[in-house]
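Number of protein chains: 2
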Amino acid sequence: MLQTQINQWLTSNREHGVKLLQKLVQADSIQGNEQQAQKVVIKTLHKIGLKVDVWEPDGNELSKHPDFSSSRQEFIGSPNVVGILKGTGEGRSLILNGHIDVVPEGDLEQWEHAPYSGKIIDGKLYGRGATDMKGGNVSLLLALSALRALGIPLKGDVIFQSVIEEESGGLGTLAAILRGYKADAAIIPEPTNMKIFPKQQGSMWFQIQVKGLSAHGGTRYEGVSAIEKAFLVVEHIRELEKRRNERINDPLYSNIPIPIPINIGKIAGGDWPSSVADRVKLEGRMGISPEESMEEAKHEMESWLLTLKELDPWFNEHPVTLDWFGARWVPGAIDIEHVLVEKLTSCYQKVLGFAPIVEASPWGTDGGLLTKVGFTPTIVFGPGVTEKAHFPNEYIEIDKVFEVAEIIALTIVDWCEVG
Amino acid sequence: MLQTQINQWLTSNREHGVKLLQKLVQADSIQGNEQQAQKVVIKTLHKIGLKVDVWEPDGNELSKHPDFSSSRQEFIGSPNVVGILKGTGEGRSLILNGHIDVVPEGDLEQWEHAPYSGKIIDGKLYGRGATDMKGGNVSLLLALSALRALGIPLKGDVIFQSVIEEESGGLGTLAAILRGYKADAAIIPEPTNMKIFPKQQGSMWFQIQVKGLSAHGGTRYEGVSAIEKAFLVVEHIRELEKRRNERINDPLYSNIPIPIPINIGKIAGGDWPSSVADRVKLEGRMGISPEESMEEAKHEMESWLLTLKELDPWFNEHPVTLDWFGARWVPGAIDIEHVLVEKLTSCYQKVLGFAPIVEASPWGTDGGLLTKVGFTPTIVFGPGVTEKAHFPNEYIEIDKVFEVAEIIALTIVDWCEVG
Numbered sequence: 001m002l003q004t005q006i007n008q009w010l011t012s013n014r015e016h017g018v019k020l021l022q023k024l025v026q027a028d029s030i031q032g033n034e035q036q037a038q039k040v041v042i043k044t045l046h047k048i049g050l051k052v053d054v055w056e057p058d059g060n061e062l063s064k065h066p067d068f069s070s071s072r073q074e075f076i077g078s079p080n081v082v083g084i085l086k087g088t089g090e091g092r093s094l095i096l097n098g099h100i101d102v103v104p105e106g107d108l109e110q111w112e113h114a115p116y117s118g119k120i121i122d123g124k125l126y127g128r129g130a131t132d133m134k135g136g137n138v139s140l141l142l143a144l145s146a147l148r149a150l151g152i153p154l155k156g157d158v159i160f161q162s163v164i165e166e167e168s169g170g171l172g173t174l175a176a177i178l179r180g181y182k183a184d185a186a187i188i189p190e191p192t193n194m195k196i197f198p199k200q201q202g203s204m205w206f207q208i209q210v211k212g213l214s215a216h217g218g219t220r221y222e223g224v225s226a227i228e229k230a231f232l233v234v235e236h237i238r239e240l241e242k243r244r245n246e247r248i249n250d251p252l253y254s255n256i257p258i259p260i261p262i263n264i265g266k267i268a269g270g271d272w273p274s275s276v277a278d279r280v281k282l283e284g285r286m287g288i289s290p291e292e293s294m295e296e297a298k299h300e301m302e303s304w305l306l307t308l309k310e311l312d313p314w315f316n317e318h319p320v321t322l323d324w325f326g327a328r329w330v331p332g333a334i335d336i337e338h339v340l341v342e343k344l345t346s347c348y349q350k351v352l353g354f355a356p357i358v359e360a361s362p363w364g365t366d367g368g369l370l371t372k373v374g375f376t377p378t379i380v381f382g383p384g385v386t387e388k389a390h391f392p393n394e395y396i397e398i399d400k401v402f403e404v405a406e407i408i409a410l411t412i413v414d415w416c417e418v419g
Numbered sequence: 001m002l003q004t005q006i007n008q009w010l011t012s013n014r015e016h017g018v019k020l021l022q023k024l025v026q027a028d029s030i031q032g033n034e035q036q037a038q039k040v041v042i043k044t045l046h047k048i049g050l051k052v053d054v055w056e057p058d059g060n061e062l063s064k065h066p067d068f069s070s071s072r073q074e075f076i077g078s079p080n081v082v083g084i085l086k087g088t089g090e091g092r093s094l095i096l097n098g099h100i101d102v103v104p105e106g107d108l109e110q111w112e113h114a115p116y117s118g119k120i121i122d123g124k125l126y127g128r129g130a131t132d133m134k135g136g137n138v139s140l141l142l143a144l145s146a147l148r149a150l151g152i153p154l155k156g157d158v159i160f161q162s163v164i165e166e167e168s169g170g171l172g173t174l175a176a177i178l179r180g181y182k183a184d185a186a187i188i189p190e191p192t193n194m195k196i197f198p199k200q201q202g203s204m205w206f207q208i209q210v211k212g213l214s215a216h217g218g219t220r221y222e223g224v225s226a227i228e229k230a231f232l233v234v235e236h237i238r239e240l241e242k243r244r245n246e247r248i249n250d251p252l253y254s255n256i257p258i259p260i261p262i263n264i265g266k267i268a269g270g271d272w273p274s275s276v277a278d279r280v281k282l283e284g285r286m287g288i289s290p291e292e293s294m295e296e297a298k299h300e301m302e303s304w305l306l307t308l309k310e311l312d313p314w315f316n317e318h319p320v321t322l323d324w325f326g327a328r329w330v331p332g333a334i335d336i337e338h339v340l341v342e343k344l345t346s347c348y349q350k351v352l353g354f355a356p357i358v359e360a361s362p363w364g365t366d367g368g369l370l371t372k373v374g375f376t377p378t379i380v381f382g383p384g385v386t387e388k389a390h391f392p393n394e395y396i397e398i399d400k401v402f403e404v405a406e407i408i409a410l411t412i413v414d415w416c417e418v419g
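Listed in order, the protein sequences are those of chains A and B.
The first sequence begins at 1 in UniProt numbering and counts up one residue at a time.
The second sequence begins at 1 in UniProt numbering and counts up one residue at a time.
Calculated from the structure, these hints are not laboratory results.
From a predicted model like this one, the values you see are computed outputs, not experimental measurements.
Mixed in with the good hints there might be a few duds.
As the list makes no split between identical chains, a pair holds if one copy fits it or if it spans any two.
As the list claims (entries may be wrong) - Below, in silico cross-link-like pairs of lysine to aspartate or glutamate (EDC-like), each with a Cα-Cα straight-line distance of 16 Å or less: (1) Lys-124 with Asp-399; (2) Lys-281 with Glu-109; (3) Lys-281 with Asp-107.
Bound conformation, chain A alone (with noise of 0.2 Å):
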């Protein structure tokens, strides 16, 4: 029976599995620096035996596509990867979809273990990126390994990518579209707890500036301070945040705190510690509900910190100004009786002995532009830890990795089918 020939096979592989993600973690592939990391990435799909794609996207061109989105325009030394397994024909193809870019580790002193340490404590592998989503990343390259080791031969197409900058917007993911890689469906492993989300939250990064008054610190009474109206914006975006999360009533959504959260980021404001400050910047990311356009969210945005001078009426005079800037993730959705989710849904029960927990996932992911600009519907599934994405001490279970290995072979044989 092939569940039991894929399950051993990855049993007997379970040392070398480990070591892949081990090394795919250590290689810190922040912003900017993943090429290390794609190396490992393409040296395994030659491994496997796939038809190998490296490109780096070309920046200028990029820039002029409207779902363009990322914070820097030069790609040199940020390579995609793609491995295509050309199926005998007629199946249906299947996009396999991982990002190779981590975010920064942050605060240092908050990790236990260095950030790409790789350690391995009771089971978990630890590091950045081990669950946003090199974890993820491993299922994949080892679901395509085990079959084509096990000499399993497929109809319909299987592409497999490595993309970069998923954490800044999706210009890798868009590249790869643009490059012509399309499918009957996809399938993206970002830590979602094992859960299978058919619906995908949007995104959008903004950028507001308050301003203040500047004065000597001495009589800072007669200067207006930048820092203190900031605390005010920041408590007015939290009252539109409940607003918006209060009008969600999709059941997919029935367990998330907040469905589509208003994250502020970043601050920077004020230039001498003795002077009032007369300026702050504020950065954050709203998220974007799969029934709301980019543009509705923006608008709402921009009306609602209009009726801060109702609040203060320093903003009168003072209005705060707003940007939409860097990244962006369109939101996506893949309809809940799709032939994709049934399967994926009957193959996670057949490896695991009980259903999945289908829910809407609380960010966004590639697969809004697989679906809107790739006309590629999408599941996101996943190993890792949902929790531990962009926290410190970061990691995975690596039994979860070789069950969605397990569940994801399976998947692609029934999706694509046995040629």
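Start from chain A and add chain B according to the hints.
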């Protein structure tokens, strides 16, 4: 009559004085960039006929002094300038001290004219440093020019000082004291709105690190925002400021809304719009009353921050850290019955026809160092507009520069005596 002679000299040299001030304001002299403005001062001192002493303070040597306080240790290209008018002997000596450094111009958009324009409109000269305190320095230079031009011999020495680093802790004045410049008393023409300040508030810079817990912005409820925690810290410091100021009952402070303010001048935290910020750094300035020691004030702030945990249990496990860094200004006071206070008050009355306001200064000056380290009791009194110091569109009223020049010229004669 001497007063008439001085007044006439100042009137007929008005154009020359205004040009000098304009030149000084146009020579942008933020920290590290003082050389050009000092060259203007040196040229003027030579023209008056003073003995001139120019030197770059030795950071290595000075940093060993317990009252050293600066954000840098290297002063190459940042000279101190002193001009000495030797008396005929047996008279009281006087230091006239003014700083040449200016604070950064801040948000350019808030300036109506370029910050270093030196533009004159309706009797006001505009530009960063016009009020704080190049206008006051020009009053001193005009007073000395008048006395020399009129050939009035003095018994006591007059020591004019154009010092660096007042805005970041007084290294320039400390260097002048340690070079041997001491006197029986001193006047510093900081921008007091023509008030006489026998008491000078001290101050210290501090840095507070606030901790949060990072998380993906899409599941921000799994993290703890250091930005939101920082708001609590700022509010808590407001409460400390309130308590400290309620204790001040010296009538010299009765017209000052917040005698010893605590200013939060800078904020910076978080490193990614899509992550929950795990740390925020606050930088500020704590005002020190002449009735307390620097150590007492430090201790009070430290103890107060420990009580944050009573407001929010987060701070129990994640206390903020407090560091004292960079600049500090020692508080100072001259006896209200001191002969120089009496002489300055009476010269003010003679020139303007009414009594001056005598108050405590709402900010620190180099008067603290002159008093504490140089044993030179100091009065702060100058022509600048207090509310415009460190502000955009800083300006000084040109008439006031000449009024102070006349008052100080007369005070020099009264204090040092005609020889």
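Hint check results:
no. : hint                 : verdict
1   : Lys-124 with Asp-399 : within (8 Å within a copy, 76 Å between copies)
2   : Lys-281 with Glu-109 : between (26 Å within a copy, 15 Å between copies)
3   : Lys-281 with Asp-107 : between (21 Å within a copy, 12 Å between copies)
When each numbered hint is compared with the structure, no violation occurs for any of them.
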